[in-house]
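Trainee: Dock chain P against the given chain X, drawing on the hints supplied.
Protein chains: 2
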Amino acid sequence: MKKSLGAKTIIYLTPVLAVGTYDKSGKANVMTAAWAGICCSAPPCIGVSLRKATYTYGNIMERKAFTISVPSEDQVKQADYFGMVSGRDVDKFSAAGLTPVKSELVDAPYVEEFPLVLECRLLNAVEIGLHTQFIGEIMDVKAEAEFLGDDGLPDIEKVRPIIFAPEGRSYHGVGKYLGKAFSIGKRN
Amino acid sequence: MKKSLGAKTIIYLTPVLAVGTYDKSGKANVMTAAWAGICCSAPPCIGVSLRKATYTYGNIMERKAFTISVPSEDQVKQADYFGMVSGRDVDKFSAAGLTPVKSELVDAPYVEEFPLVLECRLLNAVEIGLHTQFIGEIMDVKAEAEFLGDDGLPDIEKVRPIIFAPEGRSYHGVGKYLGKAFSIGKRN
Numbered sequence: 004m005k006k007s008l009g010a011k012t013i014i015y016l017t018p019v020l021a022v023g024t025y026d027k028s029g030k031a032n033v034m035t036a037a038w039a040g041i042c043c044s045a046p047p048c049i050g051v052s053l054r055k056a057t058y059t060y061g062n063i064m065e066r067k068a069f070t071i072s073v074p075s076e077d078q079v080k081q082a083d084y085f086g087m088v089s090g091r092d093v094d095k096f097s098a099a100g101l102t103p104v105k106s107e108l109v110d111a112p113y114v115e116e117f118p119l120v121l122e123c124r125l126l127n128a129v130e131i132g133l134h135t136q137f138i139g140e141i142m143d144v145k146a147e148a149e150f151l152g153d154d155g156l157p158d159i160e161k162v163r164p165i166i167f168a169p170e171g172r173s174y175h176g177v178g179k180y181l182g183k184a185f186s187i188g189k190r191n
Numbered sequence: 004m005k006k007s008l009g010a011k012t013i014i015y016l017t018p019v020l021a022v023g024t025y026d027k028s029g030k031a032n033v034m035t036a037a038w039a040g041i042c043c044s045a046p047p048c049i050g051v052s053l054r055k056a057t058y059t060y061g062n063i064m065e066r067k068a069f070t071i072s073v074p075s076e077d078q079v080k081q082a083d084y085f086g087m088v089s090g091r092d093v094d095k096f097s098a099a100g101l102t103p104v105k106s107e108l109v110d111a112p113y114v115e116e117f118p119l120v121l122e123c124r125l126l127n128a129v130e131i132g133l134h135t136q137f138i139g140e141i142m143d144v145k146a147e148a149e150f151l152g153d154d155g156l157p158d159i160e161k162v163r164p165i166i167f168a169p170e171g172r173s174y175h176g177v178g179k180y181l182g183k184a185f186s187i188g189k190r191n
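These protein sequence lines map, in sequence, to chains X and P. For the first sequence, our numbering assigns the number 4 to the initial residue and increments by one for each residue that follows. For the second sequence, our numbering assigns the number 4 to the initial residue and increments by one for each residue that follows.
Treat the hints as calculated values from the structure; they're not laboratory data. It is possible that some hints are incorrect.
In silico DSS-like cross-links for lysine-lysine, where the CA-CA straight-line distance does not exceed 25 Å [what the hints assert, rightly or not]: (1) P/K183 to X/K183; (2) X/K105 to P/K183; (3) X/K105 to X/K27; (4) P/K105 to X/K6; (5) P/K161 to X/K183; (6) P/K179 to X/K179; (7) X/K179 to X/K161; (8) P/K179 to X/K55; (9) P/K67 to P/K30; (10) P/K11 to X/K5; (11) X/K183 to P/K11; (12) X/K80 to P/K30; (13) X/K5 to P/K67; (14) X/K5 to P/K189; (15) X/K183 to P/K179; (16) P/K5 to X/K105; (17) P/K5 to X/K6; (18) X/K5 to P/K6; (19) P/K183 to X/K67; (20) X/K11 to P/K161; (21) X/K6 to P/K161; (22) X/K179 to P/K183; (23) P/K27 to P/K67; (24) X/K67 to P/K11; (25) X/K179 to P/K161; (26) X/K80 to P/K183; (27) X/K161 to P/K5; (28) P/K5 to X/K11; (29) X/K80 to X/K67.
If you want the ones that stay clear, here's a sample from chain P, every Cβ over 12 Å from chain X, calculated [claimed, not checked]: (30) D26; (31) R54; (32) G61; (33) E65; (34) R163.
We put the beta carbon where it would ideally sit given N, CA and C, even for glycine.
Chain X extracted, bound-state conformation:
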């Protein structure tokens, strides 16, 4: 028998992603988002939801572009910091000792030190409520060679991304390998 917990944004699990943008003056900014996920395979798209009050919101509207940088678990402090202060008040890259790199393909910076990045051009802004969802077409994925597996793709056990657990507001690492998708359920 399940217990009712009310209408809450609890889903397991959500990612920890750093959204990179430039402001009007060209200053690089970055903020953390967990209300995000892949939302289309073709074109490849990611949806990231932000409040209008964020500095990043205006930057995306202005530049029609953003990046996503995926932090590794040993960068959890920087990732958390990026979600607590506003780019209106602080140069977050500088304060965190991290380096903004201009994307090759879109008008936005990514975090050099984070292992995996996506360069996105804004396709659509969907008004939902408190949050606006930015749908970005993924123009390229880039990763450091040391985080790739033998198949040339990123290896999640090398990238070691961070899980965010909503409501409880805790961060967790990636655990043990459970099996191959589209495979282990075959002899269900």
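Mentor: Using the frame of chain X, we list chain P on its own:
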């Protein structure tokens, strides 16, 4: 120096969620989705992207409702199975030995044996490309008491949800606790 991997749907990390619906005849169906995430805090909403070809797509369009059931890592085989066959051909609940329970609040069934469920009413269907994103307002979250922590909220270390790593197509469990969000980055 980062290496370009092309325009792919790689983001770490994505969830493993079972989307529950009724078809026209009232048969319960369930399919696995990883292209999903929270997309608004108020109203609390989740976005789930599905291809038009899926049986679930038609069911949501018809019933304007769906549920999300979050499997635990020891249910990874059932979760994988739900993503490999179509409800057009099979009664997936019956084949997997799992139980559909009619949601109290919306016209859709959830998976009784999965630890955490969301009941959602359809707010919007956003056409993106191959995928359509269904934005569902979360009307209630329900969980088994044994998966709650002392604070009355679900405990991710008890629920033990599953991570899906795109492209490499592997499943992973939740790992070690890394810290408190909106806190550990303070002394960055």
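Trainee: With reference to the structure, classify each hint as holding or not holding.
Mentor: Verification of the hints:
1. P/K183 to X/K183: 31 Å, violated
2. X/K105 to P/K183: 31 Å, violated
3. X/K105 to X/K27: With a Cα-Cα distance of about 15 Å, the restraint between X/K105 and X/K27 holds, given a limit of 25 Å.
4. P/K105 to X/K6: Roughly 15 Å separates the two Cα atoms, so the pair holds.
5. P/K161 to X/K183: 23 Å, holds
6. P/K179 to X/K179: 10 Å, holds
7. X/K179 to X/K161: 13 Å, holds
8. P/K179 to X/K55: Not satisfied, since the Cα-Cα distance of roughly 33 Å exceeds 25 Å.
9. P/K67 to P/K30: 15 Å, holds
10. P/K11 to X/K5: Violated - the C-alpha atoms of X/K5 and P/K11 are around 38 Å apart, more than 25 Å.
11. X/K183 to P/K11: Given that 25 Å is the threshold and the Cα spacing comes to 19 Å, the pair holds.
12. X/K80 to P/K30: 47 Å, violated
13. X/K5 to P/K67: Holds: X/K5 and P/K67 sit about 23 Å apart, inside 25 Å.
14. X/K5 to P/K189: 37 Å, violated
15. X/K183 to P/K179: 22 Å, holds
16. P/K5 to X/K105: 12 Å, holds
17. P/K5 to X/K6: Violated - the C-alpha atoms of X/K6 and P/K5 are around 47 Å apart, more than 25 Å.
18. X/K5 to P/K6: Given pair X/K5, P/K6 is violated - Cα atoms ~47 Å apart, limit 25 Å.
19. P/K183 to X/K67: 33 Å, violated
20. X/K11 to P/K161: At roughly 19 Å apart (the allowed maximum being 25 Å), P/K161 and X/K11 satisfy the hint.
21. X/K6 to P/K161: 15 Å, holds
22. X/K179 to P/K183: 22 Å, holds
23. P/K27 to P/K67: 12 Å, holds
24. X/K67 to P/K11: Between X/K67 and P/K11 the Cα gap is close to 20 Å, so the pair holds against 25 Å.
25. X/K179 to P/K161: 15 Å, holds
26. X/K80 to P/K183: The given pair, whose Cα atoms are some 10 Å apart, holds under the 25 Å limit.
27. X/K161 to P/K5: Holds: X/K161 and P/K5 sit about 15 Å apart, inside 25 Å.
28. P/K5 to X/K11: It is violated: about 38 Å lies between the C-alpha atoms, which goes past 25 Å.
29. X/K80 to X/K67: 28 Å, violated
30. D26: 21 Å, holds
31. R54: 8 Å, violated
32. G61: 19 Å, holds
33. E65: The claim holds: P/E65 sits with its nearest Cβ about 22 Å from chain X, beyond 12 Å.
34. R163: Non-interface label fails for P/R163: nearest chain X Cβ at 8 Å, not farther than 12 Å.
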